[in-house]
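Novice: Got chain A; can you put chains B, C, D, E, F, G, H, I and J on it based on the hints?
There are 10 protein chains.
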Amino acid sequence: MLYHVRMDVRVPHDLDPARFEALKVAEKARAEALQREGTWRHLWRIAGEYANVSIFDVPNHDALHAILSTLPLFPFMAITVTPLARHPSAIG
Amino acid sequence: MLYHVRMDVRVPHDLDPARFEALKVAEKARAEALQREGTWRHLWRIAGEYANVSIFDVPNHDALHAILSTLPLFPFMAITVTPLARHPSAIG
Amino acid sequence: MLYHVRMDVRVPHDLDPARFEALKVAEKARAEALQREGTWRHLWRIAGEYANVSIFDVPNHDALHAILSTLPLFPFMAITVTPLARHPSAIG
Amino acid sequence: MLYHVRMDVRVPHDLDPARFEALKVAEKARAEALQREGTWRHLWRIAGEYANVSIFDVPNHDALHAILSTLPLFPFMAITVTPLARHPSAIG
Amino acid sequence: MLYHVRMDVRVPHDLDPARFEALKVAEKARAEALQREGTWRHLWRIAGEYANVSIFDVPNHDALHAILSTLPLFPFMAITVTPLARHPSAIG
Amino acid sequence: MLYHVRMDVRVPHDLDPARFEALKVAEKARAEALQREGTWRHLWRIAGEYANVSIFDVPNHDALHAILSTLPLFPFMAITVTPLARHPSAIG
Amino acid sequence: MLYHVRMDVRVPHDLDPARFEALKVAEKARAEALQREGTWRHLWRIAGEYANVSIFDVPNHDALHAILSTLPLFPFMAITVTPLARHPSAIG
Amino acid sequence: MLYHVRMDVRVPHDLDPARFEALKVAEKARAEALQREGTWRHLWRIAGEYANVSIFDVPNHDALHAILSTLPLFPFMAITVTPLARHPSAIG
Amino acid sequence: MLYHVRMDVRVPHDLDPARFEALKVAEKARAEALQREGTWRHLWRIAGEYANVSIFDVPNHDALHAILSTLPLFPFMAITVTPLARHPSAIG
Amino acid sequence: MLYHVRMDVRVPHDLDPARFEALKVAEKARAEALQREGTWRHLWRIAGEYANVSIFDVPNHDALHAILSTLPLFPFMAITVTPLARHPSAIG
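Residue numbers (the numbering used here), protein chains in the order written: chain A, 1 to 92; chain B, 1 to 92; chain C, 1 to 92; chain D, 1 to 92; chain E, 1 to 92; chain F, 1 to 92; chain G, 1 to 92; chain H, 1 to 92; chain I, 1 to 92; chain J, 1 to 92.
With the rest of the complex left out, here is chain A (with noise of 0.2 Å):
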C-alpha cells in the first residue's frame, strides 16, 4: 500500500554540529536500506529546500508510523503523511 510523505528537516542552529553528522550519516543509511529492501520506494530532493518527497509501500499504517518514527532525523523533521489509492487514469 502506498503512502506519498513529505519531510522537512528543521535544524536548530545550536545544534551540536559532530551531532548532527552523525545523525545525517545514520539517516542516509537508513534510507538505502529501506530503498534496497523495496520499502521506501521513491526518495525525491524538493528543489532548493532541505526537503523530500517520498513514497513509501508498506502493509499498514502501523509499518509506516514505525518506519517514520524511528529515523534518526525523526526529532528535527515535519512529516506529513497523505496516503495513495489507485488511480482509474493509471495504467500498468
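No lab work stands behind these hints, which were simulated from the structure alone.
Label-pair ranges, simulated between beta-carbon atoms:
hint	chain 1	residue 1	chain 2	residue 2	range
1	C	R41	F	G38	47 to 57 Å
2	G	T70	C	P59	56 to 66 Å
3	F	G38	J	D16	48 to 58 Å
4	J	K28	I	G38	28 to 38 Å
Even glycine gets a Cβ: it sits at the ideal position worked out from N, Cα and C.
Specialist: Structure of chains B, C, D, E, F, G, H, I and J alone, referenced to chain A:
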C-alpha cells in the same frame, strides 16, 4: 527532468453534466496516452479526495506547461508544481 | 485499518431542494448500512457545523476511496483523510 | 459528553533528555489510567507524526480542561478541542 | 455550560431579496427569544463585519447544535464553536 | 466600549521557573483587580489551551492598550483585539 | 478615536453592470461626504488591487459600524478593522 | 522603479466564451504594447498555472495602478504587488 | 510617494535586557527624527499588540528600504510593505 | 531554463556575530560570481524585508539545487522555487 504535480479537481455544481462527462473521458484518454509515452510517470489518487499526485518526466518547464495547460480538465483544476532534484541518499 | 475522516458539507444555495433532499436521504441510508457492517466505526457531528468526524475501518486505501467517493453527498463535501496507527499508550 | 482532541507534541531539542523521559513515562501512566476509568475513550497515533487524535468522555468543559492541562506533557503540546454532538445518521 | 460562538454571514448576491429579508426577520425573532430564555447569553456585532460573537449557555453539545443548526440563517453562516471553561483568575 | 480580546500564553521552556511563577501570581492579582473595578468584564479559559477569551469595557483604544501592554505576562502572550458594536438583535 | 480599516471589493461577474455602476457612484459620493466631515480621515488605494486602506475617526465602535455597514458597496466588501492607539514615539 | 507583480487569472466557468476570448486578445495586445515601451519589463508564465510573474518599471505607485487596473482581464485577476529595491549584492 | 508599513516587534525572551533597552531608546530617537523631517508621516500603535502601522513618504523603494533596514529594532521586526496609490474618491 | 526563487533570511539572535558577518561576506562573493557567469540572472531586494526575489538560469533542477543548497546562508534561509515557462504574450 522530474516534476511533482498535485491536481485538485473542482467541478461547479451547475456545470452541464454531459459536457463534464465528455471532459472526463477526454482527460482519461489523454492521461493514458501520456503515461504510455513515459511522460506522465506516476498517477495516484489521493484517498478520499477528487485529486491526484503525479510525477511528470519532461525536458523542461515549457514542455510541462504545454501538457498541463491543455489537459481537458485544466479549467477546473487547481495545480501546484514542485521541481524534484536527485536526492543524495537515493539509490539506483 | 483505521482512518480518521473529516467531511464538511457545502451546499450551493441554488441547488435544487428536491435533489438535495434525495441526496441526504440516500446519504443517511448509506451511512447507516456502512455502520451496520462495521466499516464506518464512528460518526460524530461537529457541534455547530454541517460537518462530521468519522472513523473508518477498511482493509486499505482503495477500499476507503471507493466508499468515500461514492457517498451521495461526495460532490458537495470537502474531505480530509488521516491514517491512524496504534498509539503506544493505548490499552485494550 | 464527547470531545475530539488533537495533541501535537513539540519537544525543544535542548530539553534535558532525562526530564523528557520522565515526562513521557508519567504521561503514559496518566493516559492509561484515564483510559481504564473510561474518560479517555480513544487514543490513536497520527501516522508519521508525534501527535495523537483522542476522544474524551467527560461531564463538562471544566472537567476536560482539568484533565488536559495537568497532562505531564501539556507544556509541550499544541491542543485543539472540538465538541462532538450526536449525528442524526449515527446508529446504536 | 458556556460556548463561544462566532458566526459569519455570507449572503450570495443572487439570493432572492424577499426570501433573505424573511430569513433575517425570523433570525432576529429567534435570537431575541433565545436571549430572553437565557440560552443566548451575549450577542455582539463585530465592528465592520456581517458577523457576531456570541456566548451560549446550554446543558450540552447536542443542545448547542440543535439551536445553531436550526437558526434561519444557518445555511448562510460559517460558524466556529469554542468551549469555555472557568478561568482560575475569574472572580464572582 | 467593549473589546473582545484573545490571549494565548506561550512560555519558553527555558524561562526561569521562579520568574514565571512570580509573573503568574502578579498576572492573577492584576486580572482580579481589573475585574473588580469592572474593566475586565469577562474572563474565560479556552478548554484545553493555555489561552483565554476576555471582554474588556474601557473608554477608548488607548486605555485598552495601556492595560494589555502592562499585564505581567504581556511579553509572553499573543493577543488579538476585536472591537464589538451593539448587535441589532441584542436585547436588554 | 482612530480605526484602521481595509476594504477589499469583490464584484460577482454576473452582477448587473448598471446596478454596480450606480453602487459605485453612490459609494464615491458617500466617501467624499465622510471625508469632508472629517470622519474618513485617510483613503488610499492599494496599488494593483481593488482594495483600499482607510483611517476613520469616530467616537466609538457603534459609530464605525453604522458607517461601514451602510456603505453602498458593503455587501461586496471584505472588511477588517484594527483599533489604533497612540504610539509612544509619535510626535505632534 | 521596479515592482514585482503576480497575477492569477480566475475565469468563472459561466463567463460568456466569446467575451472571454475578446478579453484575452485585448490583454495580449496590451501586454505586448507595454513590453515594447519598456514598462512591462518581464513576463513569465508560472508552469502549470493560469498565472504569471511580471516585473514592471514605472515612475510611481499611481502609474503602476493605472496600468494594472485597466488591464482587460483585471476583473478576473488576483494581483499582488511587491516593491523591489536594489540588492547590495546585485552587479551591473 | 506613500507606503503602508506594518511592523511587528518580536523580542527573544533571552535577549540581554540592557541591550534591548538601548535599542528601544535608539529606535524612538530615530522614529521621532524621521517624523520631524516628514518621512515617517504617521505612526500608530495597534491596540493590544507590540506592533505599529505606519505611513512613510519617500521618493522611492530604495529610500524606503534604506530607512527600514537601518532601524535599530529591524533585526527583531517582521515588516510588510504595501504601496499606496491615490484613491479616485480621495479629496483634498 | 528559468526559476523564480524567493529567499527569506532568518538570523537567530544568538548567532555568533563574527560567524554571521563571515557568512554574509561569502554569500555576497558567491552571489556576484554567479551573476557574472549568467546563472543568477536577477537579484532584487524586497523593500523592507531581509529577503530577495531572484531569477536563476540553469540547465535543470539538480543544477539549481546544487547552487542554492551550497549558498553560505542556506541554513538560515527559507527558500521557495517556482519554475517559469515562456508566456505566450512575452515578446523578444
